[in-house]
Amino acid sequence: MSEEGRIDFGPLDPSRDRERWEVMVGAVVAGGLARRRLTVGAQLRAWGVPSLAMAAALALVVWLAGWWRGDPVATVEPTRVVTEWAMQDEIPATERILEVLGGDHAR
Amino acid sequence: MLHRPKVQAVTDGGDIAGLVRRVQRGETAAYGPLVRAFLRPAYAVALAVLGRRADAEDVAQDAFIVALEKIESCRHPERFAGWLLQIVRNRAKNRREERRLRDVAPAADAVDAVVAPAMVAGSERGLLAALEQLSAAQREVVLLHDLEEWTHAEIAAALEISEVMSRQHLFQARRLLRGQLAGEVEDEHE
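These protein sequence lines map, in sequence, to chains A and B.
In terms of my numbering, the first sequence opens at residue 1 and continues consecutively.
In terms of my numbering, the second sequence opens at residue 108 and continues consecutively.
Only chain A is shown next, with the shape it has when bound in the complex (with noise of 0.2 Å):
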């Protein structure tokens, strides 16, 4: 189709009015930005509840299952025993420090 045949549809051009157009064109970017925000915002919300609260009851079940057998390494707090010797100045023996920190190295 020849260019000659084109329709002059400027009377319905959007952009004539070229401050007006930039408006239109920055409303919609800025509407964009704000939903995929909010979708952004939702979905850590949606997700941050239940995986916070998996993760609380996976760790009560590894610390049930610790006190349960009897290992001493689950019914202490590593960082608290090591803040409490740095605390105190006291040099743990090698035995000790395996236990605390090491786990079954120790046995």
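Hints listed in this document are in silico derivations from the structure and should not be mistaken for laboratory results.
Any given hint could turn out to be false.
[Stated by the list, open to error] Okay, the calculated bits of chain B under chain A, using three or more residues with CB under 8 Å as the criterion:
hint	region
1	126-138
2	149-163
3	230-242
4	247-254
We put the beta carbon where it would ideally sit given N, CA and C, even for glycine.
Keeping the supplied structure of chain A fixed, place chain B upon it in accordance with the hints.
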């Protein structure tokens, strides 16, 4: 025509798929070029369905925002145009249905309302009235081709029709429009 950016010019090489993927990855800098490249085609398709400038602008913007929100579901970024225009078309049809239920006397009043006073008498009104005489497919093709300067290959890909069909629609649409617009000019001179 003051501002008629071609898709390829706006996207700096025409890599639409790359641009879409960047938006999918959340690159905010890619939003502007994508919107700038496709807001006018979105408007053209909305106008083809609705026949009113103001409504078409509203729907094109709303539909584009929705498309950006769910852009992950565009599984074939190279076919973004067709995907977007389908969303626009669906939302425009919904708007038309809402309008049909709401309006008592739709077309004539609405067209009068959107014609700017400073505009050449009859031009916008005449074009909208003439477009009303075409089929929906003819309106989409002629607006995408003559307003947006899309090629038949681009139109065919976006509308999922053959290039031959696109040419036929354009030929018929122009013939009908010229007849309508010539009649309008004659009426004005009488």
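Which numbered hints fail: Those not satisfied: there are none.
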